Every structure is written in structure tokens, then in C-alpha cells.
Amino acid sequence: MSLWADKYCPRTLDDLTYHEEISKKLKKLSSSGDFPHLLVYGPSGAGKKTRVMVLLRELYGSGAEKLKVDVKTFQTPSGRKLEFNVISSPYHLEITPSDMGNNDRIVIQDLLKDVGQTESIDFAGLLHNDDKKIVSNNKKKFKVVVINEAELLSRDAQAALRRTMEKFSANIRLILVCNSTSSIIDPIKSRTLAVRVGLATFKETSDVFQNILKHEHMADSSFPEDEVERQASFQKVYESAEGNLRMGIMMLEALYMNNEHVTCSTAMIRPDWQLVIDELARGIIKDRSVGKLQHTRSVLYELLAHAIPANLILKRLTLQLWHDLGEFAALKNKDETLTKVVDAASTFDERLSLGSKDIFHLEGFITRVMVIVEEELNGRT
Amino acid sequence: MSIYAMPSLGLDFSKSLLGTSSGFKSIQDLTEKGQSTQSSNSTQLKEDIQYSSSVQVVLPKEIMLSSGKTICLQPKNRGQYNEEPILEKATLASDTIQLIDMGNLRRKLEIEKLIHHQEPKNTSNRFKKTFHGLKDGRRVDSLWTEKYRPKSFFDLLGNERTNRHILEWLNQWNEVVFGRPTPDQMMPEYLQANRPQTASLFSDPFHRPYKRVLLIHGAPGTGKTSIAHVISKQLGYEVSEINASDERAASVIREKVRNSVQNESLSGKPVCLVVDEVDGATEQGFVRCLLDLLYNDRRATENIKLGDTRDTNRGKSRKRPSLLRRPIIAICNDVYAPALEKLRPLCEVVSFRRSGARQIKARLQKICEREGLAMNEKIMDALVMSTGGDVRSCINHIQFYGADETETETEIEIETGTGTGAGTRSNRKDTEVAWYLLLGDIYTRSANVTKQQQLETIRDNLSRCSPSVLDRVTGGCFNAMLECDGAGMRKLDQVSEWLFFGDLVSRNYRVFDRTDVANYGSAAGLKFFKTFNEVKAMEANSRLSFRSRDEYFEHKKQAREVIKRLKRKMGLVSCDRQHLASNEIPLLNSVVIPTELGIRQFEENAEKVAHSVNVAESLGLYYETTEAAMVEGEEEEEAGRYNNRYGLRRKIHRFRPNLTLFLMSRDTISKQDVFIQMLQVHETKHRERERVAAEMQRKRQVAVEARDRDMEGEPKKKQMKHPGSSVEYFQRKYNRLSTQLSHETDKSSRKHLGGLEMLAGGAKIGQKQNDEAPLRGAMSENSNRIWIKYHEGFSNAVRKDITWEQIF
Numbered sequence: 001m002s003l004w005a006d007k008y009c010p011r012t013l014d015d016l017t018y019h020e021e022i023s024k025k026l027k028k029l030s031s032s033g034d035f036p037h038l039l040v041y042g043p044s045g046a047g048k049k050t051r052v053m054v055l056l057r058e059l060y061g062s063g064a065e066k067l068k069v070d071v072k073t074f075q076t077p078s079g080r081k082l083e084f085n086v087i088s089s090p091y092h093l094e095i096t097p098s099d100m101g102n103n104d105r106i107v108i109q110d111l112l113k114d115v116g117q118t119e120s121i122d123f124a125g126l127l128h129n130d131d132k133k134i135v136s137n138n139k140k141k142f143k144v145v146v147i148n149e150a151e152l153l154s155r156d157a158q159a160a161l162r163r164t165m166e167k168f169s170a171n172i173r174l175i176l177v178c179n180s181t182s183s184i185i186d187p188i189k190s191r192t193l194a195v196r197v198g199l200a201t202f203k204e205t206s207d208v209f210q211n212i213l214k215h216e217h218m219a220d221s222s223f224p225e226d227e228v229e230r231q232a233s234f235q236k237v238y239e240s241a242e243g244n245l246r247m248g249i250m251m252l253e254a255l256y257m258n259n260e261h262v263t264c265s266t267a268m269i270r271p272d273w274q275l276v277i278d279e280l281a282r283g284i285i286k287d288r289s290v291g292k293l294q295h296t297r298s299v300l301y302e303l304l305a306h307a308i309p310a311n312l313i314l315k316r317l318t319l320q321l322w323h324d325l326g327e328f329a330a331l332k333n334k335d336e337t338l339t340k341v342v343d344a345a346s347t348f349d350e351r352l353s354l355g356s357k358d359i360f361h362l363e364g365f366i367t368r369v370m371v372i373v374e375e376e377l378n379g380r381t
Numbered sequence: 001m002s003i004y005a006m007p008s009l010g011l012d013f014s015k016s017l018l019g020t021s022s023g024f025k026s027i028q029d030l031t032e033k034g035q036s037t038q039s040s041n042s043t044q045l046k047e048d049i050q051y052s053s054s055v056q057v058v059l060p061k062e063i064m065l066s067s068g069k070t071i072c073l074q075p076k077n078r079g080q081y082n083e084e085p086i087l088e089k090a091t092l093a094s095d096t097i098q099l100i101d102m103g104n105l106r107r108k109l110e111i112e113k114l115i116h117h118q119e120p121k122n123t124s125n126r127f128k129k130t131f132h133g134l135k136d137g138r139r140v141d142s143l144w145t146e147k148y149r150p151k152s153f154f155d156l157l158g159n160e161r162t163n164r165h166i167l168e169w170l171n172q173w174n175e176v177v178f179g180r181p182t183p184d185q186m187m188p189e190y191l192q193a194n195r196p197q198t199a200s201l202f203s204d205p206f207h208r209p210y211k212r213v214l215l216i217h218g219a220p221g222t223g224k225t226s227i228a229h230v231i232s233k234q235l236g237y238e239v240s241e242i243n244a245s246d247e248r249a250a251s252v253i254r255e256k257v258r259n260s261v262q263n264e265s266l267s268g269k270p271v272c273l274v275v276d277e278v279d280g281a282t283e284q285g286f287v288r289c290l291l292d293l294l295y296n297d298r299r300a301t302e303n304i305k306l307g308d309t310r311d312t313n314r315g316k317s318r319k320r321p322s323l324l325r326r327p328i329i330a331i332c333n334d335v336y337a338p339a340l341e342k343l344r345p346l347c348e349v350v351s352f353r354r355s356g357a358r359q360i361k362a363r364l365q366k367i368c369e370r371e372g373l374a375m376n377e378k379i380m381d382a383l384v385m386s387t388g389g390d391v392r393s394c395i396n397h398i399q400f401y402g403a404d405e406t407e408t409e410t411e412i413e414i415e416t417g418t419g420t421g422a423g424t425r426s427n428r429k430d431t432e433v434a435w436y437l438l439l440g441d442i443y444t445r446s447a448n449v450t451k452q453q454q455l456e457t458i459r460d461n462l463s464r465c466s467p468s469v470l471d472r473v474t475g476g477c478f479n480a481m482l483e484c485d486g487a488g489m490r491k492l493d494q495v496s497e498w499l500f501f502g503d504l505v506s507r508n509y510r511v512f513d514r515t516d517v518a519n520y521g522s523a524a525g526l527k528f529f530k531t532f533n534e535v536k537a538m539e540a541n542s543r544l545s546f547r548s549r550d551e552y553f554e555h556k557k558q559a560r561e562v563i564k565r566l567k568r569k570m571g572l573v574s575c576d577r578q579h580l581a582s583n584e585i586p587l588l589n590s591v592v593i594p595t596e597l598g599i600r601q602f603e604e605n606a607e608k609v610a611h612s613v614n615v616a617e618s619l620g621l622y623y624e625t626t627e628a629a630m631v632e633g634e635e636e637e638e639a640g641r642y643n644n645r646y647g648l649r650r651k652i653h654r655f656r657p658n659l660t661l662f663l664m665s666r667d668t669i670s671k672q673d674v675f676i677q678m679l680q681v682h683e684t685k686h687r688e689r690e691r692v693a694a695e696m697q698r699k700r701q702v703a704v705e706a707r708d709r710d711m712e713g714e715p716k717k718k719q720m721k722h723p724g725s726s727v728e729y730f731q732r733k734y735n736r737l738s739t740q741l742s743h744e745t746d747k748s749s750r751k752h753l754g755g756l757e758m759l760a761g762g763a764k765i766g767q768k769q770n771d772e773a774p775l776r777g778a779m780s781e782n783s784n785r786i787w788i789k790y791h792e793g794f795s796n797a798v799r800k801d802i803t804w805e806q807i808f
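Chains as they are written, first to last, in full-length UniProt numbering: chain A, 1 to 381; chain F, 1 to 808.
No wet-lab data here; the hints were simulated from the structure.
All figures in this text were calculated on a predicted structure; none of them were measured in a lab.
Among the hints, a few may not be true.
No more than 27 angstroms apart at the CA atoms, straight line, and that leaves these computed lysine-lysine pairs for BS3-like [claimed, not checked]: (1) Lys66/A / Lys685/F; (2) Lys564/F / Lys315/A; (3) Lys685/F / Lys286/A; (4) Lys72/A / Lys564/F; (5) Lys491/F / Lys7/A; (6) Lys491/F / Lys81/A; (7) Lys7/A / Lys685/F.
Here are a few chain A residues that face chain F, going by a calculated C-beta distance under 7 angstroms [unchecked claim]: (8) Ser2; (9) Ala159; (10) Met165; (11) Met218; (12) Glu253; (13) Met257; (14) Lys357.
The beta carbon of each residue, even a glycine, is placed where N, CA and C say it ideally should be.
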């Protein structure tokens, strides 16, 4: 028994509850026994990874679920040794090249070349006679390589991928999984079949919740009996998880664990870094001084130290500022101020992605916001 | 040469010296006589002092010398310097309980104090003499870093607590190595009562420390290697060192480790293995080898605990795991190196901090005295600051300057001359010193040059810096900018643009190897100068702190490590890293440890508890209890270890990997502690229950087999069934009782069963069982509820027949 999100993760194509049309297409794809390189994209928690795993299972049978973690070592041209985790089953590999930062190109090249140059001999038919499907279409001579977080691949790595995709296409199929295609270069887009997996709607999400609760008897009783009320509480979970299904399920579980009875008025569980940022935003508007900056600096350091990504901090902070400034009575022309704040946010977001010292830019943003607000209140000095 | 020669003062000094240590008087005279024969300088106070401090050794040599030629004196002199520390060691190492001749120590201390008092006034004076004196005679023929390596425990710099901790750890090996009692055993009764319960859980038949390897980590040059050597020597070990310069193939190392750990050295002293720079080792070779050793040891220890019955029966099979009988100390710079991942949990990790600047300075001062170098306070400050507390590199610097006479003289001129910022910057072209000084220049306006001039000098200096230094300068500017007086919001806003520029340039340089942009690296620093440099800042000489906040980086590193580990677990593999840290882990935290719910409520709800334990198990989290006095993060935990002087240490309950790293409010963290403690109890109970069930299953099988084997054993079968029911009885019983008590019984009943299973065939057991079971039942039903826990592990205590009457 593990987390609900893992426990109730669909295992076959038929188990998938929403995005019928995608499931249908995937089914067709798998029955043909061969498929092009795939680019699966969509917001996180929509079920991209689930669909990929289900597809692999469909293709190779249950063997694709026998995962193990290997550590491979690579050597950079400068002689440094890099260690890299590869999750693999007999039929596929799963890698997250962005773990390696700027060295992802080497990983892509070495690993794919390695896999691509070895032709897989398929003993599956001999070993698992019971898996009729495999025996019947014994064509799959290729291995599947799943690349996670593909949008974080550096440009170099993507360029390296381009040629590899064609050259070793006899032995490898790639599945790129990413959140958005905006940073994927065109040549790769053109070589892949793009599949978008959107977020589940509320209806679909609540069905999933309902299904889980049906199996968890103890938990079932702690949620409201009344259907309307239950839906209302699901609605709240759905909203605070921002449609992310995995998050939603975890939140459901957390709610159950933390409360005797869950009603629609039960407070949602929010990660405490969000609370910290909200607090920070309030402080910035109220007190615009160097002393305050001193304080925000240590808060920012703390946030970064908790491995919260800088752009997420910026985003959350901007949204919260937007919200707080909207209610800030002393402000005369709110619209203009808000525009300026958002403008500053986008400037500093760019800086965050171009530079490497997050703390500089986060603090810069806060300084800028303070200046903007100060100017609005006291006129340009 | 205005401060040259202050004769009256010098005289005073020698008098007072003679006054305080009257015992030395005659010796002093002798040495002075000896000296006057070969050198006209009879007022070399410093040399005198040194002679008198190490006089026991010097005395006979001096006499021999005076009979010989004067030229021979110099080499003897050198020998004497080396002799002294050894002497100290001898007095200290001879008794590990550290009985020191206090009188002797105090005398030394007094002399030292005197030197210290007199020092600043006639440094340059003495310097001139001694330095030239050195030049003709003594050459610099060894690295000072080696020469002044600490020789005894009291020579060590650094954190006293850490040092003591290491000493304590090594002392725990006393029993197995020397056959002496370990400090734990010598502890008075009342303290022993306070020892944490866990200690008994993991207790070792030889009272060795629970974690068999000591892993010291810390920045380079802080004295990690020194402490390992010093302490092990002091406790009477022979040090065997393996380090990065040695061959590191697995086979070679295995051989070497085995040699040093299992064999005796020629000197007859036991060996302490010091493994330097483990983080550079590859996982396959060296770390693997150490791990094997540790696992073998663990198995061996368990065998011993279990009475080791089977192994002796099987004879001397080659597979028999060997016990670790010698301490191993591993040293590394970075504990979070991937190669050490597996080793780390098995090690007692000690983090070694930089010693305080004052301590380092005092040590440098001493070295300078010994070597006859004059070093002023300011230079030393700068040196310590620029090396960042790296003692080794400080000493190297001193030696370098000491070797070059002219250089040092200019230093002295600086000291006597105009001083202030201009002086320290003058002709030292050491860029490493410069980054710190540069920052000072950027922020403080020097009074006697125009702003334009200062700007130009700064630009010159900056343009000569390497990019990494520029990076530091930019970082330092950022770190200090808020504390600057002239900082206003608008200025700060302007500056952030330039910080961005600096960041961009440095990133381009570092990541993309774009050397052409390096020229622009200085722009940020110059902008800072233009914005913040004001005359006012100078007179308020409050030190601006240019330091970055190390503790955050440390924390970040840990957080990364945890994420990496969690990612490896199957369930969470699917998420990307950022998402994991920001959303998933906080939720996971509240699933596994529902702090919102009151502890009472949670405890009563068995379903939820079971769920929490299961989730944790499936994700590979395990509960851990550490001892600490404070709750603030891992860092303080180490430091706080000894805060509590009376051995009362607070226990902290945590997950490992440590999920609390991702929590921000202290409140929940402290709440979690209670929860985890509770969960831990549940988990062990759960495990026990499972184990009992498994044992029962096996026992039944044995019983069935036994029945099948000998049909005549009808009564035996009955006997066999009997314990089974008693166990069931206990299980029911313990479910009703409070957790701790039930824990105890369960354990004993398990032991009981284990014994049964082991010697299932023996009729003896059956007999005992019959005696015992009803009695036990009676006991536990008794309203007084007396619980008896007899000797754990069915060693000899259990194997012979015991009746309850004997116990009472």
C-alpha cells in the first residue's frame, strides 16, 4: 500500500478515465506495433506520464513495469566524471537529462548512441508464451527511451537529439515528455508526433476522487454523505490543486489524514512556503524601506534553500502582490501601478532565466516594486 | 628606525622572566653564556625564552656544544626546535587520562604570556637581528605546514567540542583494542541512567561506538588530517594512512585495509586507519571495500550477540565474517559527494568548522615568533580573511613572505609608515587577498584621493582580477549593499540592473566559455563604487559583512540530496524536480505526519496510523532518532551536541531522508517530532507483530515436520503446540497494554520463540516451556503487574534450565 496517487494510477489503456479520444488513438498506435517518436505535452498532473507508461505496457506487456534504477557514469570532454540515474525496464529507458544541467548533451549523445547501436534481440516470445500479443507481432525490435522534462533540455542537447533521432530510428523510439513545447526547437517538433494531454475537467476529477473513496472505506466515511456537499468539497480540492490531478489526489489523502471529518468548509492544506510568500507580499506593500529589504533578503534565502524554484517564487509573489495591491486603498491609479508591477515581474523573470544568481534578481524585483509603490503614493521625487 | 631598540624595556622583560621562573635561572645563565661565546648578541630575548621553555632537552646538548666548536651550534639549534613538540607529546601521550604536570604547564603559559606582552613593541627590532641571524645559519628546509603540524591534542586549533567529540569516539574503541574500559563504562551511575534508551538497543558486546567509521568533513586546510593523526597517536595508535596520492584500485586497497585493520604493526601498537580524501574515491573501489568491511562486521557482531552457536559448529569456514577491531577514520571535503552516499549513513559524521580568526592569528603569531618573522596585525588579518580561515594556506603564505627578505621589509615599512588602506594594497600582487580589500575600497572612500582617482585605481585593480574573483566581488557588493549607509530604494533599484549585468557576464564566462566578455566583468563593481562610495561610510568603521550566507547553501545542498533520493523511489519518479519540492513534498509531509490532527486523535485512529506507516515504508522513508539539544536544522544539531553538559541530551525524531528540510514554520517541525516518535513506536510494533506471525508460521511447520518425522512423539507435539498458544495470549495481552510495556513483553516472547525455533528438537526446551508458560500467564494476570525481562539473547543465560524460583 502506498500513496493513493500511485495506488490508483491506471495500469491499462482501458483504465484511463478521461481523454477518451487520446486513449483510442494510443490503442490504435499500440496495436499497430510500431509508432513514431512522440512528444507528449501538457500541464503537470494531467496524466502524461501515466499515459506513456500505459502505452508501454500495452506494447510490451507487464515486463515494462519491472523497473530498476541504474547509475551510469559519463565522462565529460574535460575529464570530469558524471553520474546519472537511468530508470529502465527490459524494454525501455527513462531519463531526466536536465538533472545534469549543462552536461545534458553528453548524456543524450552517449546514452542514445549506446542504446541505438545495440540491436535488441527479442526473446520475449520465447520466454512468455502466455503473452500472446507479443508472440503475434514480434516486430518490436526497438527500445523506447522516455525523456522527462524535455523542455529543460539545453539547446545543444536538442541539437544533438535531432540527428540521433533519425540515425538510430531503427532501434530507438523516443518519447519526449514536457510541460510546454515552447522551448523545444522546431526540427524536433517536426520529427515527432505531438500529443497534447490536457487537464482533467472538474467532472472527470471528481469521478476519479469518487472512485478512490469507494475503495478506501475508512476514508469514505470521513467525507460528507450528502452528494452536493461532497461535490463542493471536491470542488475545493480541485481548485486548490489547480486542476493537477496528482496533486488533487494527494490533497484528498492529506485531508483525510488530517481531519476527522472533511466538510466543504474544511481548510485546504497549503504548502507553507506559499504562506511565507503571501506574508512577504503583504510586508512589501506595507513597509517600503531598506530595513524591510534586509528582512526580505533572509526570507528569500530561506525560500531558495528549501529548493523552491526562483521563478515559482516570482510568480507567486507577483500574483499575491496583484491581489494585495488591488485591495490597497491608498493607491490612486491602481491600474497603472499594476501594469508596472507586472512589467517589472516580466523583466525580472527574464533576468532569472538569463542569469544564474537567483537571489540578485528576486531582491531586485522586490526593490523595484517598492520603488513603484512609493512613487505612486508620494509622487515622483 | 624610530622604534628600533628599546633597551630599557628589553631589560625589564628579561628580569621579569627570571623573576617568575626562578627555577630556570641557572639554566638561563648557562644558555646565555653559551650564546655569548658564539654571537655578540646577548639580548636576543626571544631565543632565550625559547631555550628556557624547552630547557630540559636543550641542557645536555648545550654542554656538549660548549666543549666543541662554535660552528656546530646551529644544527643543534634546529634539532632543538623539533624536539620540543615531541617532548610535549611524550608527557601527554603517556597517559590517556590526561594527567598533566600542571606546574610545568603553568610555567610555559607564563612565558608565553610574557612573550605576547612584549611582542608588538619590539617586533621590528628583533626581526632585524634574528632574521639576519637566520640567514647565515638556518635554512628553510622543510615546509612550515609540515613543521608546525599540531603534535598533541592541546596543539589543535578549531572547535574544542568537535575535537572532544572525536576523542570520545576514538576512546570508545578502548575495550576492543587495548582491553581498557571505554569511557561509557567509567561513567558514574547517575549519568548512566540518563543515557538514551536507543543506546542499549544497539549495544555492542565490545562497547564500540555504534557507527564504526568516523567521517570528518570540512573545508580544506582546517586541520582534519591533523586532528585524525594527533588524536589517534595520542591514544596510542599507529596511524596508517591511505590517501588520494596512493593507488586506489579496489584490490590494492582491500589488501591494505585488511593489513592495517587486522594485523599488528611492527611497533606493537594497534593501527588506526586514516582514510584521507574519501570523496575522491570511486564508489566501486574504495567505498565498496569499506562497506563490505562494515557489513561483515555487522554480521559478525550479530553472531556474537546471538551466542554464535551455529558458526562454531560449522567450523572455520572461510565465509565467516570478521569483526572490525580497529577504528577507521575517513576524511573528506564534501560529505554530499555522490560517491559517499552509501557510506554516509554508516558513519558517525563530524563536521569540522573553520577555527576562529583569533585562534588562527594566535597560531600564526607563534609560528612567526619561532621563525623570527615580524608580522603585523593588519597583514595577518588580511591573510586570514583572504584565505577564508584556511590555516594551511596561511602558513604557506607566511613561509613565502619569510623567504623573501625584501618583501617582508616592505611590509614593515608599511607598518611603520602611512598605514591605512593604501599600505595594505601596495605591492602585494596576490589577487586572492585583493578581493576582500577591493570590496573595502569600493565601499569606503579613502580620504586623501579624489573620487576620480580612486575610481581609476579600483578600475585598474578590477581589470586585473580573474573572473572568479570578480564574481566574488560582485557577490560581496550584493551582500553588503543593504548595510551601507547611503543605500536608498532608488539607488538599490539602479544597482540591480548592474547586478544583472554582472551576473550575465559571469554566467557567459563560466558556462559558455566566452572569454571575450570577461572584460566587462568589472562593470558591476564600478557601478557600486559610484553609487555607494561615500566619505561618510568610512568613519563609521562598522565592518560591512561581505560574507555570503553559507548556511543557506548548506541547507540547499541537503535539500537537493533528499530530492535526489526521493526521486529514486519509484512512486515519485514521475514528477519533475521543481514540482516535487514545491508541491508534492509538503503534501506528502502532511499525509505521512498529519500534524493538523491532534496527536490523541491520530493515535486512536488505527487505520490512519497504519496508512501513514505504510506510505512511509513504500517510499523508503524510515524513522530515525538522533540526539541533540536543539531543534534547528542539522547544523546546530551537531554544534548543540555538547551544549548539555550533564549528558542529558534531547532526542529528536526524524525521517530519513529528512523531510523537515522542506518545512518552513518551526511550529510544525516541532509538532512533527512528537508524531514521528509515536509513529516510530507503532512501526516497530508493527514490525514485531509481523515477525511474531512469521515465527509462528515457521514454528508450526517445524512442529508438523517433527510430528511427521517421529510418530512416537505424541507428547512432544503437545508441547510444541503449547508455546504457540502462549504467544497468542501475549499478543492479545499486549494489545491491551500501554505501548511501552507491551513492547517489552513482546520482545521477550519473541526471543523466547526464537530460542524455541533454534533448538526445536531439544526436549529440554519443551520441559522448560512447561514450567514457564503457566507461570508467566499467572504473572501477567496479576494485578500488580510485574514484568520480567530476562537476559536478552538466549546465550548461556537461557540455555541452561532456569526456573522462576531461581529468578526470584
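Status of the hints after comparison with the structure:
Restraint check for Lys66/A and Lys685/F: not satisfied, since their Cα atoms lie roughly 31 angstroms apart, outside the 27 angstroms limit. Under the criterion of a C-alpha separation no larger than 27 angstroms, the hint pairing Lys564/F with Lys315/A is consistent with the structure, at around 25 angstroms. The hinted pair formed by Lys685/F and Lys286/A fails the criterion: a straight-line CA distance of about 52 angstroms is larger than 27 angstroms. Restraint check for Lys72/A and Lys564/F: satisfied, since their Cα atoms lie roughly 15 angstroms apart, inside the 27 angstroms limit.
This hinted pair does not check out: Lys491/F and Lys7/A have alpha carbons roughly 55 angstroms apart, beyond 27 angstroms. Proximity of Lys491/F to Lys81/A is assessed by CA-CA distance (about 44 angstroms); at most 27 angstroms being required, the pair is judged violated. Distance check on the hinted pair: Lys7/A and Lys685/F sit about 25 angstroms apart at the alpha-carbon level, within 27 angstroms; holds. A least Cβ separation of about 4 angstroms between Ser2/A and chain F falls short of the 7 angstroms threshold, and the interface hint therefore holds.
The beta carbon of Ala159/A comes no nearer than 15 angstroms to any beta carbon in chain F, farther than 7 angstroms, and the hint placing it at the interface is violated. A hinted interface residue such as Met165/A counts as satisfied when its beta carbon comes closer than 7 angstroms to some beta carbon of chain F; here the least separation is about 22 angstroms, so the hint is violated. Interface restraint check for Met218/A: the shortest CB-CB distance to chain F comes to about 4 angstroms, inside 7 angstroms, so the restraint holds. Annotation: Glu253/A was flagged as interfacial toward chain F, and the flag holds, the nearest CB pair being 5 angstroms apart, inside 7 angstroms.
Of the supplied interface hints, the one on Met257/A holds, with its beta-carbon coming within about 4 angstroms of a beta-carbon of chain F, less than 7 angstroms. With a cut of 7 angstroms, the hint placing Lys357/A at the interface with chain F holds, because the nearest CB-to-CB distance is about 5 angstroms.
Hints 1, 3, 5, 6, 9, 10 from the earlier list are contradicted by this structure; the remaining hints agree with it.
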